[in-house]
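Peer 1: This is what each chain is made of:
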Amino acid sequence: MQRRSEILIEALTWVASFIPAILAGAMISFLLFNGASAVSWKFITGFPEKGGLEGGILPAIIGSIYISALCMLMAAPIGIGAGTYLAEYAPENLFTKVVRFFVELLAGIPSIVIGLFGYVFLVHGLGLGFSILSGAIALAFMILPWTVRVSEEAIRAVPRDYRYASLALGASKWKTIRTVVYVAARPAIITGLMLGLGKAIGETAVVMMTAGMGITGYIPVSPLDSARTLPVHLYLIAGEIANTSESLKMAYGTALVLLALFLMVSIPSLMLRNYFTRRLYGDAG
Amino acid sequence: MKTEGLIKTLTFLCAGSSILIVFLIFGYTLLEGLPVLIKYGPSVLTGLYWKPYADPPQFGLLPTIIGTLSVSGLAISMATPIGIFAAIYLAEYSGGGFLKSFIESAAQLLVSIPSVVLGFIGLVFLVPTLAKFFGGWGFSILAGGIVLAIMTLPHIICISSDAIKAVPRDYRYASLALGASKWQTIRKVVLPAAKSGILASIILGLGNAIGETMAVLMVIGNPEVPYIPTSILDRVRVLTSTIVIEFNYAVWGSDQMRALFAIGVILFIITAVVNLLAFHILRGRIHAKKI
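These protein sequence lines are chains U and Z, in that order.
As numbered in my numbering, the first sequence has no gaps in its residue numbers, which increase by one up to the final residue, 309.
As numbered in my numbering, the second sequence has no gaps in its residue numbers, which increase by one up to the final residue, 1654.
None of these hints come from the bench; they were simulated from the model.
Beta carbons: idealized from backbone N, C-alpha and C, even for Gly.
Honestly, I wouldn't trust all of these hints.
[To be verified] Which residues of chain U face chain Z? A partial, calculated answer using Cβ under 7 Å:
#1 30
#2 33
#3 37
#4 40
#5 109
#6 110
#7 128
#8 132
#9 137
#10 145
#11 188
#12 191
#13 196
#14 200
#15 229
#16 285
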């Protein structure tokens, strides 16, 4: 009897631990099943017609890539710098503790609040207007804690011996970091940043309040152009479902393209991340 | 030598930038929200009516706050048991290796799936399904709770499993040596020792749930005039959804727009409190571990 309940409990925890995988799998299959027929070459490379109810979504795809790339261009260097400080230089003092707390706090601020802030500070205060630049800066504020965290973890995971060997050869601290630590931590930093890029691609509220919502019939070029990204497009089209039947098909198609873009960035990084983590710890052991 | 100092200063500034950004965010949101908070006073929190277009306008958030708490509370009460069980499997039974990294990757993937995609699936699948089973709209606290539970689950799994893993091995050995079974050991020794970390994961999950926007917004119905819900099948508004919905209509500089910033201030304060609590609890655990 005792034995049986032990096995039952283990089975129960086993089932629970697979729920995230089952949910993710079910949602991806659901969209593939329902959305595949809506996606065509014309849909991906075409321009929106009738306010986005017909035609393609090319400007939204470009807008999404543009904003998230620009966001990472800002968040990545600062994040790596902060991660380097926390892992290599930071003494265990009050300032370090405060920094850590604020990184966690920033990570916890609801994205909608960052959107509000972007609207008053970037769009109005700095006069950047509803633009790709405003969107990218606000998004960078949102992603920054993630880039700090993955950089610090990656740098900390580099075995101490590597540093000692380099220092013993007479290299300075910065030279050691640059030529030894960064090289060893690079795979983990890059895959971590890619996961951050995935989050940036999917963010809606921040971008909607800073980059604008207007449907554009042109490809955004200047960072001061306004742009509607894929998530914003999906949200606005989904709001029309009750009114028109075309919009449901468009929404399925947009959701599938957005999910595909997100998965193309996330799945390889997750797989590589596991591979590199195991290899790094294998080396250390 | 000069570069060494320069690099140290540069990385120091990068690290400090988070502090500046948090103050900027809070400062600007507060500056915009304060006039409404002062003008309408505590009635913002306790008022029953949200009528931005009435004359004079009313900005009572009580139904919205109750909506937020009921959706997030429902989500947490669904996600917590599953999350803790999954965390126990990860920390105690999985034994590392491929299975463990697969489960962790799936949780990581689930937590970063664009929330608008989750909301869309909720809108086209969950809402009609609920309407079929329970009647009514389908848009409800229940729908929001289910969607939010999915988004909160990975947080609870990850933080709880870390807390369970941090329990010293000796505790387990001592219990097993006394003849306790594995589950008895987990239930009577490991879980009590990891209690504070698990509590922190629930608090952080709750904070995340309160701040989540798009996915919830698309399935809770957002009635024109928010009312205090009496059943989990009622439509509600939450704090975050109110901002998104009215942002399009509010005029820059109007009291309505300022009221939205006041909601932002409330959300910010909730997040800060949640994080302070979790920070405090987790630090307590680290101290306990040292002893």
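Peer 1: Could you run down the list of hints and mark each one as holding or not?
Peer 2: Against the structure, the hints:
1. 30: Interface hint status for residue 30/U: holds (5 Å vs cutoff 7 Å).
2. 33: Holds: closest Cβ of chain Z sits about 5 Å from residue 33/U, inside 7 Å.
3. 37: 4 Å, holds
4. 40: 4 Å, holds
5. 109: The hint holds - residue 109/U has a Cβ within 7 Å of chain Z, the shortest such distance being about 4 Å.
6. 110: 6 Å, holds
7. 128: This hint holds: residue 128/U lies near chain Z, its Cβ roughly 6 Å from the closest one there, short of 7 Å.
8. 132: 5 Å, holds
9. 137: 5 Å, holds
10. 145: Status holds, d = 5 Å.
11. 188: Not OK, violated: residue 188/U not within 7 Å of chain Z, min 18 Å.
12. 191: Constraint on residue 191/U not satisfied, violated at 13 Å.
13. 196: 6 Å, holds
14. 200: 11 Å, violated
15. 229: Since chain Z brings a Cβ to about 5 Å from residue 229/U, closer than 7 Å, the hint holds.
16. 285: Constraint on residue 285/U not satisfied, violated at 9 Å.
Comparing the model with each earlier hint shows violations of hints 11, 12, 14, 16; every other hint is respected.
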